[in-house]
Amino acid sequence: TQLLEQSPQFLSIQEGENLTVYCNSSSVFSSLQWYRQEPGEGPVLLVTVVTGGEVKKLKRLTFQFGDARKDSSLHITAAQPGDTGLYLCAGPLNRDDKIIFGKGTRLHILP
Amino acid sequence: DTGVSQDPRHKITKRGQNVTFRCDPISEHNRLYWYRQTLGQGPEFLTYFQNEAQLEKSRLLSDRFSAERPKGSFSTLEIQRTEQGDSAMYLCASSLSGYTGYTFGSGTRLTVV
Chain A
634 TQLLEQSPQF LSIQEGENLT VYCNSSSVFS SLQWYRQEPG EGPVLLVTVV TGGEVKKLKR
694 LTFQFGDARK DSSLHITAAQ PGDTGLYLCA GPLNRDDKII FGKGTRLHIL P
Chain B
8 DTGVSQDPRH KITKRGQNVT FRCDPISEHN RLYWYRQTLG QGPEFLTYFQ NEAQLEKSRL
68 LSDRFSAERP KGSFSTLEIQ RTEQGDSAMY LCASSLSGYT GYTFGSGTRL TVV
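Residue numbers (this note's numbering), protein chains in the order written: chain A, 634 to 744; chain B, 8 to 120.
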């Protein structure tokens, strides 16, 4: 059973378009993180959201944590080819626990 | 500090051989984690250490797998009698306890032939 479900699995869009990817669970998480991973490399932390309803912005990326702390979304404005990669959400079920990952959304931005 | 280092980056081994991977975490980080990632999947938790103590092991970690972190610094992950199903990317990460943002290494890609 996958505790964190990410959708869509794959997304291919044109440069300049906007997109949103989702991370959902039936469980409550104490926090959620988003990572980006490029082929042959380890995941790189983008952001951690902690409070239900929290919104964080990182340049063209906007991250939101659901009010009930069971879901999160990542919105990218004006996507660029450099945004291409595997986007993973992850979180600990309990504070100070190890994190578990979703399967990721593979994003491809076409120039 | 140059981040989390993993060695080797790639390993090809014959089925039945033993392999050992090394991870050097960020020096101030007291927690060290091992994950395994196969194609099309997110990383799966294997085990983690706080200082030199191994605090949790996943059921994925069969008896052929053993991990150590002597003196709470670097860690090794050994796989004995490798099988083709062990082929994967093995990722190491480190963090400070109480903080859930991890720093990952570049991983060791294992291919069992």
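What the hints contain is simulated information worked out from the structure, not anything from laboratory work. Warning: the hint list may mix true and false statements.
Under 7 Å between C-beta atoms, here's a sample of chain B residues computed to sit facing chain A [claimed, not checked]:
#, residue
1, 49
2, 50
3, 77
4, 114
Quantities reported herein were computed from a predicted structural model and do not represent experimental measurements. We put the CB at the ideal spot given by N, CA and C, even for glycine.
Given hint residue 49/B near chain A, where the shortest CB pair must fall under 7 Å: 3 Å, holds
Evaluation of the interface hint that places residue 114/B against chain A, nearest CB under 7 Å: 5 Å, holds
Restraint check, 7 Å cut-off on beta carbons, for residue 77/B near chain A: 21 Å, violated
Proposed interface contact between residue 50/B and chain A, which counts if any beta carbon pair is under 7 Å: Where the cut-off is 7 Å and the nearest Cβ of chain A is about 5 Å from residue 50/B, the hint holds.
When held up to the earlier numbered hints, the structure conflicts with hint 3 and nothing else.
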